[in-house]
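Each chain, letter by letter, is given below.
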Amino acid sequence: MENQLPPSLSLGEIVDRLGGELIGDARITVRQVATLEKAMPDTIAFLANERYLGQLKTTRAGAVIVDARLGASLDMPRIVAANPYAYFARVSALFNPIPANAAGIHAAAVVHPLARLGTGVCVGAGAVIEEGAAVGDGCSIGAGVYLGAGVEVGEGSILHPNVTVYHGCTMGKRTIVHAGVVIGADGFGIAMDEGRWLKVPQIGRVRIGDDVEIGANTTIDRGAMEDTVIEDGVKLDNQIQVGHNVRIGAHTAIAACTGIAGSARIGRFCRIGGASGIAGHLTIADNVEISAHTLITKSINEAGTYTGAYPFENNRDWRRNAASLRNLGELTTRVRALEQALKPGKKGKK
Amino acid sequence: MENQLPPSLSLGEIVDRLGGELIGDARITVRQVATLEKAMPDTIAFLANERYLGQLKTTRAGAVIVDARLGASLDMPRIVAANPYAYFARVSALFNPIPANAAGIHAAAVVHPLARLGTGVCVGAGAVIEEGAAVGDGCSIGAGVYLGAGVEVGEGSILHPNVTVYHGCTMGKRTIVHAGVVIGADGFGIAMDEGRWLKVPQIGRVRIGDDVEIGANTTIDRGAMEDTVIEDGVKLDNQIQVGHNVRIGAHTAIAACTGIAGSARIGRFCRIGGASGIAGHLTIADNVEISAHTLITKSINEAGTYTGAYPFENNRDWRRNAASLRNLGELTTRVRALEQALKPGKKGKK
Amino acid sequence: MENQLPPSLSLGEIVDRLGGELIGDARITVRQVATLEKAMPDTIAFLANERYLGQLKTTRAGAVIVDARLGASLDMPRIVAANPYAYFARVSALFNPIPANAAGIHAAAVVHPLARLGTGVCVGAGAVIEEGAAVGDGCSIGAGVYLGAGVEVGEGSILHPNVTVYHGCTMGKRTIVHAGVVIGADGFGIAMDEGRWLKVPQIGRVRIGDDVEIGANTTIDRGAMEDTVIEDGVKLDNQIQVGHNVRIGAHTAIAACTGIAGSARIGRFCRIGGASGIAGHLTIADNVEISAHTLITKSINEAGTYTGAYPFENNRDWRRNAASLRNLGELTTRVRALEQALKPGKKGKK
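Protein chains in written order, with our numbering: chain A, 1 to 350; chain B, 1001 to 1350; chain C, 2001 to 2350.
Keep in mind the hints are simulated off the structure, nothing from the lab. Worth double-checking, as some hints may not be accurate.
Listed next, the in silico BS3-like pairs over lysine-lysine satisfying Cα-Cα at most 25 Å (straight line) [as the list claims (entries may be wrong)]:
{"hint": "1", "chain 1": "C", "residue 1": "Lys-2343", "chain 2": "A", "residue 2": "Lys-343"}
{"hint": "2", "chain 1": "C", "residue 1": "Lys-2038", "chain 2": "C", "residue 2": "Lys-2057"}
{"hint": "3", "chain 1": "B", "residue 1": "Lys-1199", "chain 2": "C", "residue 2": "Lys-2173"}
{"hint": "4", "chain 1": "C", "residue 1": "Lys-2199", "chain 2": "A", "residue 2": "Lys-173"}
{"hint": "5", "chain 1": "B", "residue 1": "Lys-1199", "chain 2": "B", "residue 2": "Lys-1173"}
{"hint": "6", "chain 1": "A", "residue 1": "Lys-57", "chain 2": "A", "residue 2": "Lys-38"}
{"hint": "7", "chain 1": "A", "residue 1": "Lys-343", "chain 2": "B", "residue 2": "Lys-1038"}
{"hint": "8", "chain 1": "A", "residue 1": "Lys-199", "chain 2": "B", "residue 2": "Lys-1038"}
{"hint": "9", "chain 1": "B", "residue 1": "Lys-1199", "chain 2": "C", "residue 2": "Lys-2038"}
{"hint": "10", "chain 1": "C", "residue 1": "Lys-2038", "chain 2": "A", "residue 2": "Lys-38"}
{"hint": "11", "chain 1": "B", "residue 1": "Lys-1173", "chain 2": "A", "residue 2": "Lys-199"}
{"hint": "12", "chain 1": "B", "residue 1": "Lys-1343", "chain 2": "C", "residue 2": "Lys-2173"}
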C-alpha cells in the first residue's frame, strides 16, 4: 500500500522510459509524485496551469514537469513535456502501479461450477459468481461483488467490493468498476393502464467497452429491448445515473451526480459537468462540453460549450431577482410597448 | 435468461389472452417483442407515438400493436388496442416472465433461527436475515441482502443483491427492490447545541405498500418519530433520496436522482421528473406533474405541470443572460421608471 | 428494537439528568418521545416553532418541552429549556439508546489475522476486514462491510451493513456510517493524452474525524496526492458526493444529494442545502449557508446565505419566462437604449 516506500527512479531513467526533455542532473532520484506545495526533495511535481506558477518559487520538489513555455524561465531540474499533466500521470503510474491482488478464489467466495474464470483471477470473500458468467485472465473481483448469470468481464478488469452486475451484462478489458456500482438493473419502464402502472419487462442488457472506468455508486440500467451501451474509454465519475438504452460514445468523460435519461445518445469525446442532466431520446454531438448543473432538453448538433445553471448570489439579491424572473415575460412585453411608444411618428397616435 | 428462445405465440393466442382487435392472419406466430426499428419477422412491435410513424413503413416486424387511429391506415398484421403501450407491456410479460429462482436457502446465507421464511423462498449466498424478520411466500432475497431485525417482506417480493433494510421496516406484496437500495437508514435529524450537533434518534420506520418498485441505489430514510410511508403502486427510479417522515401517495412515479426532503407529503398519481427536488414539510396535491431539474419550494394545491429549470444555451449567450439576471430586479425598476416618464401628463413634471 | 417498551422516567428524573425548569407535577412519567400531533399521555413532545403552536391545544402529550417565551402561556406540564429541540434530542436519547450489538465476530465474517480488533467489537456476517486494518474498542462493523488493508476505525464507531472502505482510509471515534457508503474510491483524475484518457493514480487517502455521521450511499473519494479530509463533527446526509482532496470544516452539515467537486475547501459550521453543488478548487468561508439546488461557482469569503435555484412556476408561465430569459441580455440593452432616448437633451438629437 502507499505506506510502503516505492522504488526510486532517477530523472534519467524517467525520460528513458517516458520521453520528454530533461534539463538538469540526470542522476537526481525521486520516489514519488507530489503537489508543488507539499513536495519534498525526493518527489517530482508538475505545473500545468499558470495559476500555480507562484508555487514554483517555494516548492521543495526535486524536479518538476512543465511545458516548454512555462519551463523556459525555470532554473530547477525539470522535464519538459508537451502535455505535463499526462506526463505526470505516467510518472505517477510508474511509482504507483495498481497493486496486484494475489490470484485465487477466497474460500468464502461462491463461484458456480459452470462459471468460467481465466488464469490469475482473484475473487474476494463473499463474492458470488453465477452460472455461465465468464471472468477474463487477471481480473480482480472484489469482496461481496455479485456477477449474475452469463455476465462477461474482460481480462485485466478490476471490480471493487460490493459491485452488483445483473445477468447477461458484459464489460470489456481493463475495466475498473468502483464499489457500490450497479450495472444492469431494470430500466424505468412503466405503462399506465387503468390507474395502475404496469411493469414493462427490461430485456436488453448493458454492454460496456474496453478501458472504461465507473465511479462509486453509479448505476447503469439495462436496456428495455435493445442494449444500453458504454463505448470504449468512457470515464464515469461517482453517482451517475445512466438510463435504459442510452449510448455513451467513446472517450466521453462525465462528472459525478449526472443523470442521463432513457434512450439519449451522447457523442464521443464529450465532457459533461457534474450534476448535469440529459433528457431522454435526444442526441448530443461529438466533442460537446456541458457545464455543471445544466439540464439539456434538446438535441445538440454542434460541438461547443453549453450551460444552464442559475447564477448564485446572496439570498437577498436572489429573492429580488427570482421574483422578477417570474414576471420576465411580462417585462419583455412592457419594454416592447415602451419601444413602440417612443418610435418616431407613433407618439401622436398614442 | 434472455438467450434462451422464448416460446412462440400466435397472434390469435395473444388476443385470446389479452383482448384487443386482431386485424390480419391469426396464425402468424411471434416469439418476442422488439422495437419497430430492430424487429424481425418473428417479433411484435408497437407504435404509441406518431413520431415513429415513419418506421412503420420499413419495419420487418411480424405484427404491430397500435391504437385505432394509427392503425386505420395500416395494411400489416396488427392488434388494435386502446392503450398500445400497456398492451405491449402485457405481451412482453408473456414472453419475458420474471425468471423464478430456485427456492431454497443458500448454504452461504445466514438466517437467524427466529426469522420466519414462507414457502418457496429463495435466499442467496451471503444474505443475512436477522432475528424476527419475516419473509413471505415466494420471495427472492438476493445475494448479499441484509434484512435487519423485525423486517417484514410481503409475499412474492424480489430483493436484488446487496440491498440493505434496517430493523423494523416493512414492505408489502410483490415489491421489487433493486440492488444497492438502502431502506430505513437514519433520517438527517440533528440539533445544534452549543456548537455541536446532537443526533436526534430516528425511531420511526419505513412502511412500503404493495406493488412498489424501487430503483438501484435509492435511499429511503426511516422516520424521526412516525414512519416514512410509500403507498401502494409507487414506482421509484434509481438514486432517489426520500427523507424521513415523507409520505408518497399511491401510484406516484418518480424519475431518477430526485430528492425529497423530510416530512414532505406527495399526492397520488403524481409524476415527478428526474433530478427534481421537493423541499421539506410541504404538500403536493394528487396528479401533479413536476418537470425534471425543478425545485419545489412551496406546497402545490392544484393538479397541473410545474417547472423550474434554467433553459440551457451556448455558454457565450448564457454568460450574458446570467449576468443580466443578476440585475433583473433593478432592470424591472428601471422599466417602471421609463413607464412613469412616458405617462401622459407626467412628462412635464419630470 | 422499538417494539420493546422503553423504561419510563418521571419528569423529575428527566430534569435531574438534563437540567431545564420543570413546571408541573414531577411525578408524571413518560416512556417515549412523540410529535405533538400523535402524542399519547405517556409521551413527551416538544415545540420549537410557533408554526405548531395550534397543536398545543389538542395534544394529548403528558408533557411538552418549550422555551420560556412559548411556555409562558401554557398550563400543561412542561419543561422549559433554552433550546427545546436540543433538549428533546437528549430526552429521546434517554429513551432510545443506540442498541448495543453483542460483541463478537460472526462465524461468517472474514478477518485477516493481521487485522487488529479492540475489545467489545461486533463484526457481522459477511464482513471482510483486510490485513493491517485496526478497529477500535466497542465498534460495530455491520454485515457485508468491507474494510481494506490498513483502514483505521476509531473506538465506538458504527458501520452499518454493506459499507465499503478502501485501503488506508481512517475515521475517528464515534463515527456513524450508514449502509452503502463508499469511502476512499479513486477520485476522478484523468488526463487527456492523444485522444485517450490516462488514469492519474489516486494515492491520497480519506481521513475522517471524530463524531462524524455519513448518510446512506454517500461517496467520499480518496485524494489524488494529498488526503481528502472530513473534520470533527461533520454531518453528511445521504447520497452526497465528496470529490478528491476536498476538506470539509468541523461541524458543517450537508443535506442529501449535494456534490462537492475536487479540491474544494468548505469552512466550519456551514449549512449546505440539498442537491446543491460546489465547484472545484474554491473556498467557502465558515458559517456560510447555501440554499438547496444552488451551484456555487466562485469562492465565498463572507458568512451569509447564498442562493441560486430557479423559481418554479406552472409550466405555461415558465415557458414564457424561460424564453424571455434567453433574450435577457438583449432586453437589458434595449432598456438602456430607451433610457438614453428619454434623457433630457437627447430627444432632439435622435
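So, going through the hints one by one against the coordinates:
1. Lys-2343/C - Lys-343/A: Distance ~15 Å between Lys-2343/C and Lys-343/A Cα, so the pair holds.
2. Lys-2038/C - Lys-2057/C: Distance of about 13 Å is within 25 Å: holds.
3. Lys-1199/B - Lys-2173/C: holds (15 Å)
4. Lys-2199/C - Lys-173/A: Distance of about 15 Å is within 25 Å: holds.
5. Lys-1199/B - Lys-1173/B: violated (34 Å)
6. Lys-57/A - Lys-38/A: holds (13 Å)
7. Lys-343/A - Lys-1038/B: Judged against 25 Å, a Cα distance of about 59 Å means the pair is violated.
8. Lys-199/A - Lys-1038/B: holds (22 Å)
9. Lys-1199/B - Lys-2038/C: It holds: about 22 Å lies between the C-alpha atoms, which stays within 25 Å.
10. Lys-2038/C - Lys-38/A: Status violated; Cα separation ~57 Å.
11. Lys-1173/B - Lys-199/A: holds (15 Å)
12. Lys-1343/B - Lys-2173/C: violated (70 Å)
Violated hints, in rising order: 5, 7, 10 and 12; the structure is consistent with all others.
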